Amino acid sequence: MDRFDLTGRTALVTGAARGLGRAFATALAEAGADLVLTDLPDTPDLADTASRIEELGRTVHVVPQDLSRTDELHAFADRVHETAGPLHILVNNAGTAALERFNEITTESWYRVMRVNLDAVFFLSQRLAEHMIADRVEGRIITITSKNALVAEAGLAHYNASKAAVDLLTQTLAVELAPHGITVNSIAPGMVATPIDDAFPFDREAFEAAYRERIPLGRYAEPQECAGALLLLASDAGAYLTGTRIVVDGGVLADQMPRTRFMPPYRPTLTRPPRTP
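Throughout the sequence shown, residue numbering follows full-length UniProt numbering, covering 1 to 277 in sequence.
Note that these hints are calculated values from the structure, not bench results.
Quantities reported herein were computed from a predicted structural model and do not represent experimental measurements.
Glycine residues also receive a C-beta, built at the ideal position from the N, C-alpha and C atoms.
Treat the hints with care, since some could be wrong.
Claimed, not checked - Derived DEER-like restraints, expressed as beta-carbon distance ranges: (1) Asp5 / Pro264: 46 to 52 Å; (2) Glu208 / Thr107: 18 to 24 Å; (3) Thr269 / Glu130: 29 to 35 Å; (4) Ala254 / Glu108: 32 to 38 Å; (5) Glu130 / Glu153: 33 to 39 Å; (6) Arg79 / Glu208: 36 to 42 Å; (7) Arg219 / Arg275: 43 to 49 Å; (8) Arg275 / Ser109: 53 to 59 Å.
Working from the sequences, and respecting the hints, build out all of it.
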């Protein structure tokens, strides 16, 4: 288990106030890392995440930033480095989405999604990778994409496009940063119980019930269930993984058509009785 130990390393997690970001930050702290947390300014939940990290005995810095302000991102990265020192792990987790039909998407809506989901990933990775190189850190850059980087979903043209673009960007950075010992990978979650789509104008309860029937494991993931993939990619255990993607989707992409609901029920072929609890 020493291969998963992150003691002495510092990680920046974007979008750390809630959901996956909070789960990722907590998991990194549990593995021994110190944290830099960022989210939108005046986000009250960010302090709650920081408190959890402190309770684990780790050092935590809170550096709020609106990642849609693209021209501020290099200065933000420099501020993170000045505040926390050499950075070993960057988790590009922050993301945004809007449920809109293709003909309803305005230029502002399109670029808002792209600035947060794509531009911020590139410009933060660009600047912090240079700091890693200057500090002689064999760092880890991990970007949280989505199953929507691989298959489309109606009403999310801008979100789908942004995640697909980040997927190829991840591979490009992996190739360019490999000579410096920096790995770049992505995690593509499926449906996770997070608040990203809280404001979507639909019957959420009906949608989730229908989607659960589509997931082979039959349920949404909890945020912490994506943390194992993160720890692999952030630690020495994943040192030879770069330019790759780990899909954490409960089997959705493996199942082209939910046929099992139309098949006869499972019938065991073993003759021995099942084990009793």
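Here's how the hints hold up against the structure:
With their beta carbons about 48 Å apart, Asp5 and Pro264 fall inside the hinted range of 46 to 52 Å. Hint check: Glu208 to Thr107, Cβ distance near 31 Å, so the stated range 18 to 24 Å is violated. A C-beta distance of roughly 59 Å is found between Thr269 and Glu130, which places it outside the suggested range of 29 to 35 Å. Range check, Ala254 to Glu108: about 37 Å between beta-carbon atoms, so the 32 to 38 Å window is met.
Take Glu130 and Glu153: their Cβ atoms lie about 35 Å apart, and the range 33 to 39 Å holds. Our hint of 36 to 42 Å for Arg79 and Glu208 holds, since their Cβ atoms are close to 39 Å apart. A C-beta distance of roughly 24 Å is found between Arg219 and Arg275, which places it outside the suggested range of 43 to 49 Å. Between Arg275 and Ser109, the C-beta spacing of about 54 Å keeps the proposed range 53 to 59 Å intact.
Hints 2, 3, 7, counting from the list given before, are not met by this structure.
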